[in-house]
Structures are given as structure tokens and as C-alpha cells.
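> Residue strings, one per chain:
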Amino acid sequence: MTRARWVLWLLVAMAAALFVLFAVQLSRPKNDFVQSAMVGKPIPEFTLEPAVQSRPGVSSADFTDGKPRLLNIFASWCVPCAAEAPQLAALEQQGADIVAIAIRDRPQDVAAFLSAYGNPFSRIGSDEISQVQLDLGSSGVPETFVIDGKGVIRYQHIGDIRDRDVPILLQKLREAGA
Amino acid sequence: MRIALPAALGLALLALTPAVAPAQDLLPPAPYAYRQLDDPEQEAKAQALMETLRCLKCQSQSIADSDAPMAGDMRHQVRSRIAAGEEPEAIRAWLIERYGDYVSYKPQVTATTWPLFAIPLVLLAVALLILRGRLRGRT
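As they're listed, the protein sequences go chains A and V. Mapping the first sequence onto the working numbering, position 52 (from 1) lands on 52, and the numbers just tick up by one. Mapping the second sequence onto the working numbering, position 79 (from 1) lands on 79, and the numbers just tick up by one.
It is worth saying that the hints were derived from the structure and are not from the lab. Be aware that a few hints might be false.
Simulated pairs of lysine-lysine, DSS-like, Cα-Cα distance not exceeding 30 Å [said to hold, decoys possible]:
| hint | chain 1 | residue 1 | chain 2 | residue 2 |
| --- | --- | --- | --- | --- |
| 1 | V | Lys-57 | A | Lys-41 |
| 2 | A | Lys-150 | A | Lys-67 |
| 3 | A | Lys-41 | V | Lys-106 |
Away from chain V, derived, C-beta distances all over 12 Å, residues of chain A [said to hold, decoys possible]:
| hint | residue |
| --- | --- |
| 4 | Leu-10 |
| 5 | Val-24 |
| 6 | Leu-48 |
| 7 | Ser-76 |
| 8 | Ala-89 |
| 9 | Val-99 |
| 10 | Gln-108 |
| 11 | Tyr-117 |
| 12 | Asn-119 |
| 13 | Ser-130 |
| 14 | Ser-138 |
| 15 | Val-152 |
| 16 | Arg-174 |
Just so we're clear, the structure is a prediction, and the values are computed from it rather than from any experiment. Even glycine gets a Cβ: it sits at the ideal position worked out from N, Cα and C.
Take these sequences, add in the hints, and give me the full structure.
Structure representation (C-alpha cells):
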């Protein structure tokens with residue numbers, strides 16, 4: 001008799017544990033961001049043609065000269081990319097070298113975007129079929145990676161860069177050896 | 001006159017609607033985003049794989065189901081890699097290496113998912129034990 005009762009209480013405890021699990025997991029805020037699993041790994045090999053005439057294109061070899069850089073994934077058709085332009089300008093003014101990859105973009109659209117919102121980029125590669133974006137584990141625009149001087153991806157910022165993110169990115173650049 | 005006001009309101013609303021350009025589609029889609037492979041056997045392999053890969057922009061759809069430009073670019077990767085002789089599971093592994101298990105809909109037994117597979121077996125064993133105890137108690 002006592003054994004049966006013990007088993008019943010065990011069932012009640014299991015059901016209660018299940019409800020606690022549901023309550024905890026369901027009350028967590030939704031996170032749609034897909035983090036890149038490439039953080040900590042070397043940047044994949046690629047070569048991209050220039051997206052505009054005024055800047056050279058981008059290749060993975062550009063990241064292995066000992067200087068840490070920001071790699072900004074953007075597009076002229078992306079609204080938050082325009083929103084983060086002042087923050088990118090601030091980062092450039094504070095010494096960050098920002099390399100960019102334009103996703104699924106036409107040269108004339110990139111040029112119009114840069115003349116409207118400024119051009120803080122030292123290089124801009126054109127990725128017309130998201131090939132390098134997929135290789136980087138990036139799932140949207142804008143995203144910003146911190147790449148150290150050996151070409152290893154150190155940090156990923158997903159979404160547009162807000163004011164509060166500027167010091168974080170500068171700190172991550174310093175940690176990467178800037 | 002009764003119709004005039006709603007009609008005027010409707011026109012005003014139409015005039016206010018901004019001209020929304022499908023800006024992401026100014027470029028033509030990647031070559032194999034919407035084009036099937038010529039070899040039906042390879043296309044079948046690609047299709048089966050694409051149905052089990054998650055669209056990263058529209059996260060409840062597979063890349064086979066989604067018209068998001070990025071899903072098209074992922075389909076292009078899948079088809080062109082299969083055409084180049086790559087095995088479907090190697091392509092899945094390539095994507096998991098970049099996006100984690102989340103990108104794949106195919107259940108995998110890993111260090112974090114094994115309880116999902118083990119718990120039903122344990123519960124079944126417990127149920128059988130209880131049943132056996134009960135049946136014994138009767139005789």
C-alpha cells in the first residue's frame with residue numbers, strides 16, 4: 001500500500017516538474033537571432049569583386065595582415081543598415097577599419113546608398129548570391145563581425161548597431177589586438 | 001453623395017500608401033534558386049535535402065517552401081553542390097558548421113538531445129514494470 005502511494009506521489013512530482021519546465025521556457029523572451037557557429041574559427045576563403053568603383057573588393061586574405069577589422073554585412077535595400085550608418089561613422093572615426101560586404105545588390109544602388117548615408121568602408125565586396133554570407137554563418141543584414149589580425153572571427157553583432165553597441169565593438173576590437 | 005465620402009477616403013488612403021519597391025528582388029535570383037537540376041535523380045536528392053533545411057529568414061519554413069531571397073540563395077547552394085557531386089549529408093554538415101543544429105529539421109541524437117530519445121524508452125520500461133507488478137499481485 002505504501003509503495004503504491006509513493007509511486008503516485010512520484011507521478012504528481014513529475015507532472016509538477018513538467019509544468020515548471022513549461023512555465024520557465026514559455027516565459028523566456030523569444031529570440032529569433034541565429035548566432036553564427038563560426039565565431040572562434042578562421043574566416044572562410046573567398047574573393048569578392050568590388051561593389052562600387054570607389055573602393056576595392058574584399059578577399060579573405062585581406063584579414064590576415066595582423067590588423068583586426070570589422071566586417072559589416074549590409075545591403076542598400078536594408079532599412080536598418082541605413083539606421084546604423086551614424087554608428088559605423090563613429091566607429092570609423094575612433095579608428096576602426098571597416099570592411100563591408102554588400103548582399104544581393106546592384107552597383108548603382110550601393111553607390112546611391114553610400115552617397116545618402118556616408119561611406120565609412122575601406123573595402124566593399126559584392127556578394128550577389130549570398131555565398132560568402134552563408135559561408136560566414138550570417139543569417140541577415142545588417143550584421144557586423146570582429147575579425148582579428150590572423151583572420152579568426154572573434155565576435156558577431158546581429159542587427160543594426162545602436163549607440164550602446166559602439167563601445168562594445170571597440171572593446172571587442174581591442175581584445176582582438178587593435 | 002452617400003458613396004462619395006467613403007470613396008474619397010479610400011482614394012486618400014491609396015494616395016498615402018507609399019510605393020513599396022520589392023528592393024531585395026532588383027537582382028535576378030541566383031541561377032539555381034528556382035531552376036531544377038537537369039538530372040532528375042540529383043534534383044530529387046536536392047529536393048529531399050531542401051525540405052529538411054530551415055529558412056533562416058522565415059524560421060518556420062523549409063528553404064524548399066520559402067520565397068525569401070535568402071532561401072533562394074540557399075537552394076542555389078544546395079543544388080549547385082549536389083550537381084558538383086557533393087553528398088546531401090555533407091551539405092547539411094556544412095550548414096550546421098555555420099548555423100548550428102538549428103538550421104536542420106532532421107532530428108539528430110547529440111549530447112543535448114539524447115534525453116528526448118531516451119525518456120520515452122525509460123517511461124515504457126517503467127510502465128511495463130508496474131504492469132508486471134500488478135499482474136503478479138492478482139495471482
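> If a hint holds in the structure, say so; if it does not, say that too.
Hint check results:
no. : hint                  : verdict
1   : Lys-57/V to Lys-41/A  : holds, 24 Å
2   : Lys-150/A to Lys-67/A : holds, 8 Å
3   : Lys-41/A to Lys-106/V : holds, 25 Å
4   : Leu-10                : violated, 10 Å
5   : Val-24                : holds, 16 Å
6   : Leu-48                : holds, 14 Å
7   : Ser-76                : violated, 8 Å
8   : Ala-89                : holds, 23 Å
9   : Val-99                : holds, 19 Å
10  : Gln-108               : violated, 10 Å
11  : Tyr-117               : holds, 15 Å
12  : Asn-119               : holds, 19 Å
13  : Ser-130               : violated, 4 Å
14  : Ser-138               : violated, 9 Å
15  : Val-152               : holds, 15 Å
16  : Arg-174               : holds, 27 Å
The earlier numbered hints that this structure contradicts are 4, 7, 10, 13 and 14.
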